[in-house]
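Chains as they are written, first to last, in the working numbering: chain A, 35 to 196; chain B, 35 to 196; chain C, 35 to 196.
Calculated from the structure, these hints are not laboratory results. Don't take every hint at face value.
Which copy is meant is left open, so a pair is good if it fits within one copy or across any two.
Stated by the list, open to error - Under the rule of at most 27 Å between Cα atoms (straight-line distance), these lysine-lysine pairs were calculated in the DSS-like manner:
1) Lys-166 x Lys-127
2) Lys-166 x Lys-191
3) Lys-166 x Lys-110
4) Lys-131 x Lys-166
Computed from a predicted model, the values in this text were never measured in an experiment.
Letter by letter, the chains look like this.
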Amino acid sequence: MEYGPSKFANKKKMRGKKMVEENKPDKATIIVHSGDMDKIYSALIVANGALSMGMEASLYFTFWGLQRLQKGGLEKGPLSKMHFLGLGKSMIKSRMKKANVASLEHLFKDFKELGGKVIACEMTMEIMGVSKEDLDQNLIDEYGAVGTYVNEARDSKITLFI
Amino acid sequence: MEYGPSKFANKKKMRGKKMVEENKPDKATIIVHSGDMDKIYSALIVANGALSMGMEASLYFTFWGLQRLQKGGLEKGPLSKMHFLGLGKSMIKSRMKKANVASLEHLFKDFKELGGKVIACEMTMEIMGVSKEDLDQNLIDEYGAVGTYVNEARDSKITLFI
Amino acid sequence: MEYGPSKFANKKKMRGKKMVEENKPDKATIIVHSGDMDKIYSALIVANGALSMGMEASLYFTFWGLQRLQKGGLEKGPLSKMHFLGLGKSMIKSRMKKANVASLEHLFKDFKELGGKVIACEMTMEIMGVSKEDLDQNLIDEYGAVGTYVNEARDSKITLFI
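Could you put together the complete structure from these sequences and hints?
Right, dumping it as structure tokens:
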């Protein structure tokens, strides 16, 4: 399995890092398991908020979340519930525009400019039969397995599963 | 966007707080994104458990979760899955009563009495076209954006997204 | 309610533990609220990754998650979304096999051998009318309420709600 010790190339690096932990900025590490539009919004808004306040932020996209990293897939997620006060997805999008909520594309751009890191789950890629060519390379910083995630998360002040 | 630095009125206050961090009680900060009945139960039970054990607790209601803060909306959430061992929502409620599990209203009352804090997400209110008058003021302590959340969460021992 | 102070038998023990906190390994504590197959995978893979890297890990099974601890229930969870790139559950399972992803049974075995702890939620058992005899005793280390969870989580580096 992919959590086997042999795969943790970063293990040593992480241990070295721990010794200077006090001087590092706080970090938020979020697993994006869901591909639902509203949950991707929550993940990016929290991450961008953390970055804006001087924290680091990493998003680990896995399972349905990884689908949003496919070329052209970012805005394609469904709502996690059919109705939001009786509103469907297009109605929500138009209301978001009115409320000056940025598009996911824009939020992602902000995330990258603020220094956020996106990790794509290799195991999900293997299951889905998806190659790097199928994914939007502009969105992804790194490909990793659970060891990559644990390294990020164990040093984080905020850990979420979305 | 609402995570812009200009909106973080509490930034300074938070930094001041950090200097006395050692003397503060542990905290749990939970994003309540879901409006499903069973997930609202989980959020309140964890929060009340934390409060009972001397911790602080904050619940940040956003997206579908915010619907539960509308007047009369607390008990109106669906189950996150259609069947719980083949049981529907009314059956679950009657079984909960038999197992001496308190109603959401009662759990919320306990939460407030134990000193818990409820934050309502302003962005969701704007998207939904919902005003403060539409929300149950007895439930809400504060209105905030992601900066409010990050301030709470970065100092917390337990951070969850529900 | 089950979060009342009177039930926290471990309270003192926990406080004693805090004094030697520096020498303890990092910990990951995960609430498994969902019974969906893909989410059980995420929970176990994260937990096993943490254990493999020298951390402790606890899984607290509640609500739909607890159904997976029933005798023969482990592999019975549905997918959290109907389609995964158009694939149903059996297709996903066959693809996982091809990608050398272990079965849930195997992941659970690894989890136990690596020293992970499984806690079953007593409140859910009462609601469901399920007894210890209905649950797979090989999977469970402990029966507990929210106080048990909070004790684990407040000392953890990684806290997730899945």
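| Of the hints given before, which are not true for this structure? | 2
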